[in-house]
Amino acid sequence: MTPKIELKGIKKSYDGNPPVIENLSMKIMPESFTVLLGPSGCGKSTTLRMIAGLEQETGGTIFIDGKDMKHVEPGERNIAMVFQNYALYPTMTIRENIEFGLKNMKVEKNERFERIKQVSEILGLSEYLSRKPAKLSGGQRQRVALARAMVKKPAVFLMDEPLSNLDAKLRNQIRGELIELHKRLKTTFVFVTHDQTEAMSMATDIILLNEGKIMQEGSPIEIYHNPQNIFTAKFIGNPPMNILKLSDFSSEALIVPEKTAYIGFRPENVVIAESLPENREGITFKGEIVTHEMLGSEILYRIQLENESINAKIYSSKMTDYSQISVMVPHEKLYYFDTHENRIFS
Amino acid sequence: MANITKRKVGSRLKPYALITPAMIIFILFFIYPIVYMVYLSFFKWNMIGDMKFIGLNNYTSMFANSEFWVVMKNTFFFMILSVGLVILFSMLMAVYLHKNTKINNLLQSVIFAPYIISFVSISFIFLWMFEPDYGLFNYFLERIGISSVRWLQNTNTAMISLVMVSVWKGVGYNTLIIISAIQKIPSYLFEAAELDRSNKAKTFFKITIPMISPTMFFLVLVNLITSLKTFETIQLMTLGGPANSTKTLVYYLYEYGFSFYKIGYASAVGVVLMVLIGVLTVIYFKVLSKKVYYH
Amino acid sequence: MIKPIMKKTIKLLINMLIIVIFFVPFYWMILTAFKTLEETVQFPPSFWVSHPQWENFLVALKAIPFMKFTINSVVVSISVMLLQFLTVIPAAYAFARLKFKGKSLLFGTVLSTMMVPSQLVFLPIYLMFSKWGLINNYLSLILPFATSAFGIFMLRQSFMQVPEEILEAAKLDKASEFKTLTRIMLPAAKPTLVMLGLFSWISTWNDYFWPLVITTNDAVRTLPIGISSLRMVESGVTYHIVMAGNVLLIIPIIIVFLIAQKQIIRAFTYTGEK
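As they're listed, the protein sequences go chains A, B and C. Each residue of the first sequence is one higher than the one before, starting from 1 at the first, in this note's numbering. Each residue of the second sequence is one higher than the one before, starting from 1 at the first, in this note's numbering. Each residue of the third sequence is one higher than the one before, starting from 1 at the first, in this note's numbering.
One or more hints might be untrue.
Result set (DSS-like, lysine-lysine): computed pairs, CA atoms no more than 25 Å apart in a straight line [to be verified]:
{"no.": "1", "chain 1": "C", "residue 1": "Lys99", "chain 2": "A", "residue 2": "Lys135"}
{"no.": "2", "chain 1": "C", "residue 1": "Lys131", "chain 2": "B", "residue 2": "Lys286"}
{"no.": "3", "chain 1": "C", "residue 1": "Lys131", "chain 2": "B", "residue 2": "Lys44"}
{"no.": "4", "chain 1": "A", "residue 1": "Lys70", "chain 2": "C", "residue 2": "Lys99"}
{"no.": "5", "chain 1": "B", "residue 1": "Lys200", "chain 2": "B", "residue 2": "Lys184"}
{"no.": "6", "chain 1": "A", "residue 1": "Lys106", "chain 2": "C", "residue 2": "Lys8"}
{"no.": "7", "chain 1": "C", "residue 1": "Lys174", "chain 2": "B", "residue 2": "Lys286"}
{"no.": "8", "chain 1": "B", "residue 1": "Lys102", "chain 2": "C", "residue 2": "Lys3"}
{"no.": "9", "chain 1": "C", "residue 1": "Lys179", "chain 2": "A", "residue 2": "Lys109"}
{"no.": "10", "chain 1": "C", "residue 1": "Lys171", "chain 2": "A", "residue 2": "Lys132"}
{"no.": "11", "chain 1": "C", "residue 1": "Lys131", "chain 2": "A", "residue 2": "Lys67"}
{"no.": "12", "chain 1": "A", "residue 1": "Lys132", "chain 2": "C", "residue 2": "Lys190"}
{"no.": "13", "chain 1": "C", "residue 1": "Lys3", "chain 2": "B", "residue 2": "Lys200"}
{"no.": "14", "chain 1": "A", "residue 1": "Lys70", "chain 2": "C", "residue 2": "Lys8"}
{"no.": "15", "chain 1": "A", "residue 1": "Lys109", "chain 2": "C", "residue 2": "Lys8"}
{"no.": "16", "chain 1": "C", "residue 1": "Lys131", "chain 2": "B", "residue 2": "Lys262"}
{"no.": "17", "chain 1": "C", "residue 1": "Lys171", "chain 2": "B", "residue 2": "Lys14"}
{"no.": "18", "chain 1": "C", "residue 1": "Lys11", "chain 2": "B", "residue 2": "Lys200"}
{"no.": "19", "chain 1": "C", "residue 1": "Lys8", "chain 2": "B", "residue 2": "Lys102"}
{"no.": "20", "chain 1": "C", "residue 1": "Lys174", "chain 2": "B", "residue 2": "Lys14"}
{"no.": "21", "chain 1": "A", "residue 1": "Lys132", "chain 2": "C", "residue 2": "Lys174"}
{"no.": "22", "chain 1": "B", "residue 1": "Lys200", "chain 2": "B", "residue 2": "Lys102"}
These are computed hints drawn from the structure, not numbers from a lab.
Only chain A is shown next, with the shape it has when bound in the complex (with noise of 0.2 Å):
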């Protein structure tokens, strides 16, 4: 299958400055939701701006459907974008603001009023078409932005942490909007976040990013068990992966892979008591309960153990009454790395 966008050896420097992004590869499939998922800084919402043409690469090549864009205008790349701050025209009605990509492209005035009510129906902006955006909530403005980029049917929909700007419960219900959306059009959708439960909920396929590299790329499952290096295993994740250093294990006698440097285990995998039950079937430490946090159907616990803390995520809706705690992770829940970071498969 030939990917719907395809990046070949990227290179994006401003100004002369050192480059942001050196050499970027990558395939982002067709009907796909794709996240660009990343701390700031890391080229995300740059690469997706070159993918729109609104930044020109310094080097390399994009294609869209196979087709070099080097020298295509954002208009006639047959994508749309929402932006982050909506970027709805101020003074023009929400009609307008729906209508106006429309109006450039051409589009027949009957068929513009059809796609305009299709999507303002979906979308539940049927009775706001006549307002300004001013008069709407940061929830109608998203939803204008998107509708904006639906009535133009574009091949991909870009979208530049659209969500951030809204708060926790309206996040979670657009969240769930988009995802349907995306199995209603069966569009490629490209989305940019910095937030890994974001990520996590509504991608098919996650590309990790971290100073414009990729560290990693794949489904959610595959990225949340199998990251490849430390900086995954503890960006996915939440808490995030406990990472103890190798050094740290003083007494126990642990069977580890070569070049061990690292061992880490996530959070969920822990298994705390008041004391080492017999048969032991993975690492065990003693440790002491720092605090704890009450999360509802889980308890996140803090351990110190005898040189650094561990966070701990128990399934469970009663509180230990023990401050002084055994530790134990199974062994076929540990990860190892090596110096480098990365990742030794056993």
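Using the hints, position chains B and C against chain A.
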């Protein structure tokens, strides 16, 4: 590819194309005339005959002319008095009117109105009120037991009368600018001062004045330039008289150019005016750039 | 309880004094415009007229080619305003949104012309126009004001405030640059454009100096010159006629001021500070 390079060249030239109409006007009617004026100041010319190069003669004869020094004295007298009074009254007005109440907003509009009324109208209204025999001012003076004044006909009072008109016309503009500066002072400063038990006077001198000082500086310079170019009231009310007592640089320049047709000499006077405005402008921009820096 | 009352009274007195100082001259103008010649030279003067002399206005209208002056004023002030929009909008757009070599130098030049008053350059410009044979031509009244450094400065400021993302959205919506300007930038800058138009129109309508120095023929001169010539109509100054003409000159400005007070005040007191 050829198409694309063409488009690139086009887009490189576009900014220049967009500013060209405006730039042509600026060059033709602001920059070139100044150069031309400096050029003319080295010639003797009466607009009809041939131009004769005379070097710095216009300048030497101007500086040797006692009338020129009277004009300079008048110009500076007018400038200092009118700017001083405008700033003083505007400050008082601004402090009095800066709170946003209905009556204050109305008064702000009332005092601003003269600023957008034509100099012709203002001059005639004041000419009429200054009228020595039937004028309103002398009527008021008489009512409070002061003998009447021949405002514009007396060498001692003519210039002061013109200053009165300028101050009256300009005070509203200045007041509104100071008010907006005062209103931009963050209110927590005043609240902090109140908690520190500062009294009203202290708050005014320690907080208000320092906070609006950049605006005051801007206003002083704007008013200095405004006073330097004051022409209409003089032309309409005194024609520079009596006995040259209200003749300022601009009027002197106008008179030499348009009544005596001494273009070279008038241009030399213009160069002096230009230097004065230029110095003020340079100071203004210097301080402005500093101000931006300190923000 | 005495103190607040005292304070209120003092405030009232000051307010009244301000109104007297700034309003009485206008009242005096209007009053005089309705007086007879005898009433104007009566001392002490009367502060009311029992028989308003409406014919003063007719005398003023007939004494000068009033219609001609009015038409000239309208033609000149509207042309100046339109030309300013035509030259200021593209220049402000370029300075606000485009990158080009020498931009800051050119913009500095624009700003510095703001400090050049017409009272400084009228003589060379007069000589230029007379060389071109354009004295007593509308062009000599219009062309020097066909652009406005102040306008470029102000409009650039409001163009810069349009968020970058909105322009990018327009780009993705396939809008041409011209369409982006007319459908997005200009509507967003509408308050500024209104201010500029008012500023330009009022300044030209009121201008006395430029038509005085650059024209010599009533055929192209504007209303302020016409009104100023009223004092020469009869022997001695006939103030009731002059004031009647004055009222006619001021009325359009006052009407516009009453309609768009806020915008006018903002336009004239705009100093570029945020």
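A/Lys70 and C/Lys8 were given as a pair; does the straight-line alpha-carbon distance stay at or below 25 Å? Given pair A/Lys70, C/Lys8 is violated - Cα atoms ~74 Å apart, limit 25 Å.
When you check the alpha-carbon spacing of C/Lys171 and A/Lys132, does it fall within 25 Å? holds (21 Å)
Given the hint that C/Lys131 pairs with B/Lys286, does the C-alpha gap stay at or below 25 Å? Measuring from Cα to Cα gives roughly 38 Å; hence the hint is violated.
Taking 25 Å as the top limit, are the C-alpha atoms of B/Lys200 and B/Lys184 close enough? Distance of about 18 Å is within 25 Å: holds.
Hint consistency between A/Lys109 and C/Lys8 [alpha-carbon to alpha-carbon, up to 25 Å]: Judged against 25 Å, a Cα distance of about 65 Å means the pair is violated.
Would the pair C/Lys8 and B/Lys102 pass a check requiring their Cα atoms to be no farther apart than 25 Å? holds (15 Å)
What's the verdict on C/Lys11 and B/Lys200, does the C-alpha distance respect the 25 Å limit or exceed it? At roughly 17 Å apart (the allowed maximum being 25 Å), B/Lys200 and C/Lys11 satisfy the hint.
Between A/Lys106 and C/Lys8, is the straight-line Cα distance small enough, at 25 Å or below? violated (67 Å)
Has the given pair, C/Lys131 with A/Lys67, been kept, meaning a C-alpha gap of at most 25 Å? Roughly 62 Å between the alpha carbons, so the hint for C/Lys131 and A/Lys67 is violated.
Below or equal to 25 Å on CA atoms is what counts here, so check A/Lys132 against C/Lys174. holds (22 Å)
Pair hint C/Lys171 and B/Lys14, alpha-carbon separation not exceeding 25 Å: holds (18 Å)
Could you grab the alpha-carbon distance between A/Lys70 and C/Lys99 and see if it respects the 25 Å cut-off? holds (21 Å)
Going down the numbered hints, you'll see the structure goes against 1, 2, 6, 7, 11, 14, 15, while the others check out.
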